[in-house]
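Participant: Each chain, letter by letter, is given below.
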Amino acid sequence: MNDFSIVLANLFRAKLRTSLMLVAIFFAFLIFGVLAGVQNGWDNIGNSGADNRLVTTNKINFTQPLPISYIDRIRAVEGVEKVTYANWFGGFYQEPRNVLVTFAVEPETYLDIYRSDFALTPAAEAAFLADRTAMVAGATLAEKNGWKVGDKIPLNSNIFTNKSTGKRVWDFTLVGLLEPAKEEANPNFVLFHHKYFNESVTFGQNTAGYALLRTVDKSVNAAVAEKIDAMFANSPAETATDTEKAFNKAFASQLGNITLIILLVVGSAFFTILMIVGNTMVMAVRERTREIGVMKTLGFRDGRIFRLVLGESLLLALLGGLPALGLAAVMLGMIRQLVALPGLELSPPYLALGLLFMLALGLITGLIPAWKALRLNIVTALGRQ
Amino acid sequence: MGALIDIRRASKRFVKGRETITIFDKLDLVINEGDFVAIMGPSGSGKTTLLNLLGGIDRATEGEISFGGVRLDQLTEGKLSGWRAANVGFIFQFYNLMPMLNAARNVELPLLLTRLGKGDRARRVQAALEIVGLGDRAKHFPREMSGGQQQRVAIARAIVADPKMLLCDEPTGDLDRKTADEILSMLQLLNREMGKTIIMVTHDPEAARYASRVLHLDKGRFIEQGAMA
Ligand SMILES: Nc1ncnc2c1ncn2[C@@H]1O[C@H](COP(=O)(O)OP(=O)(O)OP(=O)(O)O)[C@@H](O)[C@H]1O
Ligand SMILES: [Mg+2]
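So the protein lines, in turn, are chains A and B.
Position 370 of the first sequence, counting from 1, maps to 369 under numbering that gives the first Met the number 0, and the rest follow consecutively.
Position 45 of the second sequence, counting from 1, maps to 44 under numbering that gives the first Met the number 0, and the rest follow consecutively.
Everything labelled a hint here was simulated from the structure, so no lab data went into it.
Hints are supplied without guarantee of correctness; some may be wrong.
Derived DSBU-like pairs (lysine-lysine); straight-line CA-CA distance at most 30 Å [said to hold, decoys possible]:
1) A:Lys143 to A:Lys181
2) A:Lys226 to A:Lys244
3) A:Lys244 to A:Lys143
4) A:Lys143 to A:Lys248
5) A:Lys147 to A:Lys162
6) A:Lys14 to A:Lys58
7) A:Lys151 to A:Lys166
8) A:Lys371 to B:Lys15
9) B:Lys78 to A:Lys371
10) B:Lys15 to A:Lys14
11) B:Lys78 to B:Lys163
12) A:Lys14 to B:Lys138
From chain A, some residues computed to sit far from chain B (all C-beta separations above 10 Å) [claimed, not checked]:
13) Lys151
14) Arg289
15) Tyr349
All of these numbers come straight from a predicted model, not from anything done at the bench.
Don't be surprised by glycine CBs; every beta carbon is placed ideally from N, CA and C.
Isolated chain A (complex conformation) (with noise of 0.2 Å):
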């Protein structure tokens, strides 16, 4: 036996009381664990994109389209390096529920200005050039869907009729998988061909959904962006440039302040529990009252007792909190594998503060108890009967 089995031994002499405050602890880890792994997600939308890389969008909002004619204009920019265009697909496989992130590009600068972030074969890649019918799928959402290369895939779009079918429904040929390339990369999404869009579509036609470039350097974005917006500025199309960075914050944003709820819902959680646990706590120990005056009086010091007491708040803490921020990791690489947000994860410095949290919970709650324990005069504590 030593101080720890005392420990342990006194966490569950009532095991049902220990019991319950664990499941809370348990859940209130949980809730936080799985939120924290969504704000990292969040967080790292908010994040991606490069340095250099800038986004033109229709200045009434992203989702209005610009001029095709713009993309030439753009190109012409003293600092633009690069130029490509995306149209939103408004994708799904099969079912309206299984979104695709589907966009119709132009492979060959799309995949030009994305090589450092996901990659195809060189076969891959002249295979998908070749074909105005192809498209290329993100290797893991192609293995999610069961498509293999030279399949024949039927896409459904929400908003485009295809024009020779007359339904929409568009026929495709996976011709390639995208690997990234660097490790927060996740290519969880589908690409085809701008032209075979744009010659199908029933509206919309030469038209971008926005355009992405490659600035020379960084340090020209602003002037860049400046001269651009200034190129279309009182035109029926005026356009807003920002970083990429600065696009996919915005566009996180647009999505709804999950923060703010996060604070909220995690925030309360960890109040609730501080209490229940807290008091609980209180009681516990003023229960052992009489013990501990026995322990003090077989020679156990004051800050021994102290640590005893506190070392029990701890331990209920972690034996609730960890195994919740476990299941809390598990559940995130399922979450992962359902929906295309990289990032969805236990971050360390989420982890890390998931744990600071732990031990703040046994701290506060242990405290009270512990100093109480710690004053308590021996002559008081037995002469309770």
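Given chain A's structure and the hints, the job is docking chain B with the ligands onto it.
Facilitator: Structure of chain B with the ligands alone, referenced to chain A:
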């Protein structure tokens, strides 16, 4: 044998609001090493208070208390804790075992305050349990044992660290006659065979007969009776 405990002009007073209650005033008492002392007296006469002073868990308002030449009244709280762990075994009326620990672990508790290793502790615990006749109950929890058995575990806990002195506050107050006699015989044996100095508070004249010296505490004074053992 020489004096183990020497109390000189010790007073104990409680202040309650405006009133001051004096339990004893300038009390003198010498207890020799190897004595088995029974302390009797009416309820509220201060027997438990005296035992608390002797055990170093309470302090006299004034006066000196020495144990083997060490002035307890001059020790800090921390030192006093260490002194208790090394020199005193406590036995209470209601056993005061830890309910979440089994017999062996209850007995081992005082040894956590020593430098003994795991193996030595286990041997000592087993030896102490054998002495009180509970060698086969090591894994039993207090709630699984009778009052007499619990008190024997408490005695094992009191002697496991081999203290010089045992302080017992009505150790048989909660037990029937037969069990009480077993416990008292055990204390007598510890006194005679192992040389433990025992100071036992009791209301029971039968229990007092096991002692070698009986003191009556009344109104803050001792009246000594002849030894009866
Ligand atoms: N903390 C305290 N504050 C005030 N008075 C106290 C305190 N502790 C004890 N007393 C008083 O001191 C007196 C002696 O108490 P003590 O417990 O020593 O008596 P006792 O002889 O052991 O009695 P009993 O036989 O009932 O156990 C009692 O009158 C009690 O009320
Ligand atoms: Mg008493």
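Participant: Hint by hint, note whether the structure agrees.
Facilitator: Here is what the structure says about each hint:
At roughly 21 Å between alpha-carbon atoms, A:Lys143 and A:Lys181 fall within 30 Å of each other, so this suggested pair holds. Of the supplied pair hints, the one linking A:Lys226 and A:Lys244 holds, its CA atoms being roughly 19 Å apart against a limit of 30 Å. For the hint pairing A:Lys244 with A:Lys143, the CA-to-CA distance comes to about 29 Å; that is within 30 Å, so the pair holds. Using a Cα cut-off of 30 Å, the hinted pair A:Lys143 and A:Lys248 holds, with the two alpha carbons roughly 28 Å apart.
Distance hint between A:Lys147 and A:Lys162 is fulfilled; the C-alpha atoms sit about 27 Å from each other, no more than 30 Å. Distance restraint check for A:Lys14 and A:Lys58: the Cα-Cα separation of roughly 62 Å exceeds the 30 Å cut-off, and the hinted pair is therefore not satisfied. Of the supplied pair hints, the one linking A:Lys151 and A:Lys166 holds, its CA atoms being roughly 17 Å apart against a limit of 30 Å. About 23 Å separates the Cα atoms of A:Lys371 and B:Lys15, which keeps this hinted pair within 30 Å; it holds.
Taking the CA atoms of B:Lys78 and A:Lys371, the gap is about 21 Å. The hint holds against a cut of 30 Å. The hinted pair formed by B:Lys15 and A:Lys14 fails the criterion: a straight-line CA distance of about 41 Å is larger than 30 Å. Between B:Lys78 and B:Lys163, the direct Cα distance comes to roughly 17 Å. Compliance with the 30 Å bound is thereby established for this hinted pair. Under the criterion of a C-alpha separation no larger than 30 Å, the hint pairing A:Lys14 with B:Lys138 is consistent with the structure, at around 20 Å.
The Cβ of A:Lys151 sits about 69 Å from the closest Cβ of chain B, beyond the 10 Å cut-off, so the non-interface label holds. The beta carbon of A:Arg289 sits about 7 Å from the closest Cβ of chain B, which is not more than 10 Å, so the claim that it is off the interface is violated. Distance to chain B confirms A:Tyr349 as a non-interface residue, since its nearest Cβ pair spans about 36 Å, more than 10 Å.
Hint compliance for this structure: hints 6, 10, 14 are not met, and every other hint is.
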